[in-house]
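Chemist: The primary structure of each chain is shown beneath.
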Amino acid sequence: MPRVPLVRFRRYALLMSVVLVCLLLLTIQTRGGGMGRAADVVSILTTPVQALLTKAHRGALALWAGYREWKSAWSENLVLRAENERLRVGSLQVREAQTENARLRRLLALRERLPLSTLAGEVIGRESGGWARALTVNRGLGDGITTQTPVIVPDGLVGRVVRVRPGASVVQLVNDPASTVGAVVHRTRAAGLVEGEPGGAIRFKFMARDGVGIIPGDLIVTSGQGQVFPKGLPVGRVVRVEDKGSALFHFAVLAPVADFARVEEVLLLTGETPVDLVALFRKDG
Amino acid sequence: MRLSLLLMTLGGTVAQTSVVQTLSVGGATPDLPFVVTVFLALRRGPEAGCVAGFLAGLLQDVTGGGLVGVQALTKAVAGFALGLAGGRLRVGSPLVQVPGLVLLTVGEGLLRFGLLQLFHYPAGLSALMADVILPQALYNGILGAACLVAVGLAEAARARMTWR
Chain A
1 MPRVPLVRFR RYALLMSVVL VCLLLLTIQT RGGGMGRAAD VVSILTTPVQ ALLTKAHRGA
61 LALWAGYREW KSAWSENLVL RAENERLRVG SLQVREAQTE NARLRRLLAL RERLPLSTLA
121 GEVIGRESGG WARALTVNRG LGDGITTQTP VIVPDGLVGR VVRVRPGASV VQLVNDPAST
181 VGAVVHRTRA AGLVEGEPGG AIRFKFMARD GVGIIPGDLI VTSGQGQVFP KGLPVGRVVR
241 VEDKGSALFH FAVLAPVADF ARVEEVLLLT GETPVDLVAL FRKDG
Chain B
1 MRLSLLLMTL GGTVAQTSVV QTLSVGGATP DLPFVVTVFL ALRRGPEAGC VAGFLAGLLQ
61 DVTGGGLVGV QALTKAVAGF ALGLAGGRLR VGSPLVQVPG LVLLTVGEGL LRFGLLQLFH
121 YPAGLSALMA DVILPQALYN GILGAACLVA VGLAEAARAR MTWR
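For the protein sequence lines, the chains are A and B, in the order given.
Sequential numbering from 1 applies to the first sequence in the numbering used here.
Sequential numbering from 1 applies to the second sequence in the numbering used here.
The following block holds chain B by itself, in its conformation from the complex (with noise of 0.2 Å):
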């Protein structure tokens, strides 16, 4: 289990740096490390979810040139707190997963954003929330949705060969 989350969580951020890029739309890509992330917290709950966070943004920071530390803490929390929501609201359905995977993407940027705040990030928020965040959020709902169908009909393959 530790194995799988660990190459989950290196293999988003590889994808991230690499495979991403080439999918860029109008210069958004999505956060592929957080959505796995959020994968990992819904599935095994908020410390999968925290380590998972942590994890990723930590490989985000040291391979983004930025300072180590911001997206490992802002991607924990939010691993952390979705894992804890998790088990205790409805998430199970499409319906509010997508929705609500760019509902977090906004408050983790919002919580990166404040933590830089701290830092003298020099960039005004409306302009990091139009150009950044919200394309970032409309992506990854995106892309959690394409997840969500391709995991769907995964488990619907799995489910006939046990059938047969």
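The following block holds chain A by itself, in its conformation from the complex (with noise of 0.2 Å):
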């Protein structure tokens, strides 16, 4: 036989057979009585898959309403996450607005209590390299600075200026290994010399006929007798005292009064007093 025609023929074939199935199925389940056990062959066979299918829909639906739960929850969790870090972000501004707030308040009360002229200055540069530390404030010629001029902060001492520009100067910090600031143990008066270490310390350098009596904790103060710094602006505390033995200079290790890195406002003291001012910077500023 051609092929052709063999193909053909089973084509057809597979047709007559399909519909002969179909009509088969018909007619058994249509036959009033002739349903029984044909029908029962129908759902012995019929019945599995229903139930295999009964299953993969129930899966299938299963799984699509998981899908969309997720999908729900995942653009949920887009949306909060958006709002979270929004948030979050004015949290971090309304803090900083406070505590700038707080530090502005302090400079604000001390330039009240201080019995000579004063200008405010915001810090807008810094060098903290060990060659240098200084920072750089936005009150220049302008402003009337000139060099020299001290620079405090509620707690105390910061530095002098050493440049001043147009529009800005130049504050060597009292730890810069550079600055030696004339000072007094705040007790009992012993007077010396507060310099700065390349390390970013600060020491007390005194003669040690006066060093008897230093302890730590003692206050050292500026003791206004270099026509640079005011009488009593706090410097540093006492942390301990090294003993050179028969040398002629001891020293005292102190810990900064201010806390150079965190500086942001300064008052600079255009004026001058003969006043003592340590009892105007109180512990809370």
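Any given hint could be a false lead.
[Claimed, not checked] Computed Cβ-Cβ distance ranges for the label pairs, DEER-style:
no.: 1; chain 1: B; residue 1: 85; chain 2: A; residue 2: 9; range: 17 to 27 Å
no.: 2; chain 1: B; residue 1: 153; chain 2: A; residue 2: 23; range: 38 to 48 Å
no.: 3; chain 1: A; residue 1: 13; chain 2: B; residue 2: 85; range: 40 to 50 Å
no.: 4; chain 1: B; residue 1: 155; chain 2: A; residue 2: 7; range: 20 to 30 Å
no.: 5; chain 1: B; residue 1: 118; chain 2: A; residue 2: 75; range: 50 to 60 Å
no.: 6; chain 1: A; residue 1: 9; chain 2: B; residue 2: 138; range: 31 to 41 Å
no.: 7; chain 1: A; residue 1: 78; chain 2: B; residue 2: 153; range: 21 to 31 Å
no.: 8; chain 1: B; residue 1: 124; chain 2: A; residue 2: 75; range: 38 to 48 Å
no.: 9; chain 1: A; residue 1: 90; chain 2: B; residue 2: 138; range: 43 to 53 Å
no.: 10; chain 1: B; residue 1: 24; chain 2: A; residue 2: 87; range: 35 to 45 Å
no.: 11; chain 1: B; residue 1: 103; chain 2: A; residue 2: 66; range: 31 to 41 Å
no.: 12; chain 1: A; residue 1: 23; chain 2: B; residue 2: 85; range: 19 to 29 Å
no.: 13; chain 1: B; residue 1: 23; chain 2: A; residue 2: 75; range: 17 to 27 Å
None of these hints come from the bench; they were simulated from the model.
Think of the CB as a built atom: it goes at the ideal place given N, C-alpha and C, for glycine as much as any other residue.
The task is to assemble the complex, starting from two chains supplied on their own in separate frames and drawing on the hints.
Modeler: Structural data, given as structure tokens:
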């Protein structure tokens, strides 16, 4: 038999078989009493498939529901994350504003207590390498600032102006290695010099004969004798005294009263006063 | 080839009884197994269309709770006829395929209605046509168009990957 008619025969035979099976199924189901055994046979064949499909149906529905739930939760999660991020930023801004507000309040309170003219400035730059330690503040020639102007914060002395530019000034910090400040121990009035060290610490250099009474916790304040700093500006507290034996000078390691790394607003002392200012620097600022 | 035919038919039927229900628009749902049957008939000829239509229809009959054999018969005949026509007529263009799918759905509905008349099916043709056959035919057409676009995109992507 040629190949093409055979293919065609098989094709139509398939169709006829399918049609016959369908008609047989329909006949079995619709012939009143004939439904009995034949229907059971159909049922035996179809029930497992039906059960399987129902399971697949339920599984697919559960999968679909799970997907929708996940998608909803995912998008909700995205919205909540964005909201959370926004609130965190807002919270940080509020906290920042509160901190700044507190700092400015302390500065303003000190400014009102001080019996000399001052100018508030904002730190706009820092140099904190080992060679030099300085701040740049936004007050300069136009504000009447001159070199050697003392710079303070509510906790005490920060440093002095060493360079003045048209819109800004460079402040040498007390812990700059080149910084020297005439100072006394507030309790005993023993005199000495506060010097900066390359490591960033400060120390009080004093003559051995005066050092007997210095103990840790003593407050070191400016002496007011160098015509640069007013008398009584807190500089640091003694942490420990280094006994150099028979050397002429002894040293006391100090903890600075001002946190140089966090200074953001300062007062520049543009006036002069003979009054001892230490009483104006209360512990709470 | 036989396995893929079986999987596609089975997958279409399972999807019809599960996911498709959620795609109902105004009470109309597409006949996914029929779309699969048409796709297979056009791609693989009358035998595949006939077998796919028979299996899909049988499974739908079984899960639908009606007379087992009605949809098996109509879908098998439709799949076979389309498989034959696909080899003789120019049905490669989507502009023919989509309206063809709509007309074929209507034809299958009419055939099913005619067959059910032998078993004293109570519903009238006009109501059936307005509420069931035509909405489903349109939905099938839209779904078929979407499938054609998807297949076209997939083939284009495959061609691009082959070039690389």
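Chemist: Take a look at whether the Cβ-Cβ distance between residue 90 (chain A) and residue 138 (chain B) falls inside 43 to 53 Å.
Modeler: At 52 Å between Cβs, range holds.
Chemist: Please check whether residue 24 (chain B) and residue 87 (chain A) have a Cβ separation lying inside 35 to 45 Å.
Modeler: holds, 41 Å
Chemist: Using the Cβ atoms, figure out if residue 153 (chain B) sits within 38 to 48 Å of residue 23 (chain A).
Modeler: The hint (38 to 48 Å, Cβ to Cβ) holds, given that residue 153 (chain B) and residue 23 (chain A) are roughly 42 Å apart.
Chemist: Honestly, do residue 23 (chain B) and residue 75 (chain A) meet the 17 to 27 Å range at C-beta?
Modeler: holds, 20 Å
Chemist: So does residue 13 (chain A) sit 40 to 50 Å from residue 85 (chain B), Cβ to Cβ?
Modeler: violated, 20 Å
Chemist: Taking the beta carbons of residue 85 (chain B) and residue 9 (chain A), is their distance inside 17 to 27 Å?
Modeler: With Cβ atoms ~20 Å apart, the hint holds.
Chemist: Honestly, do residue 155 (chain B) and residue 7 (chain A) meet the 20 to 30 Å range at C-beta?
Modeler: The hint (20 to 30 Å, Cβ to Cβ) holds, given that residue 155 (chain B) and residue 7 (chain A) are roughly 28 Å apart.
Chemist: Residue 23 (chain A) and residue 85 (chain B), beta-carbon distance inside 19 to 29 Å?
Modeler: holds, 24 Å
Chemist: Taking the CB of residue 124 (chain B) and the CB of residue 75 (chain A), does the distance hold inside 38 to 48 Å?
Modeler: holds, 46 Å
Chemist: Do the Cβ positions of residue 78 (chain A) and residue 153 (chain B) conform to the proposed distance bound of 21 to 31 Å?
Modeler: holds, 27 Å
Chemist: With 50 to 60 Å as the target window, see if residue 118 (chain B) and residue 75 (chain A) comply at their CB atoms.
Modeler: Holds, since residue 118 (chain B) and residue 75 (chain A) (Cβ atoms, about 52 Å apart) stay within the stated range.
Chemist: Honestly, do residue 103 (chain B) and residue 66 (chain A) meet the 31 to 41 Å range at C-beta?
Modeler: Holds: the Cβ-Cβ distance is about 38 Å, inside 31 to 41 Å.
The structure does not agree with numbered hint 3 stated previously, though it agrees with all others.
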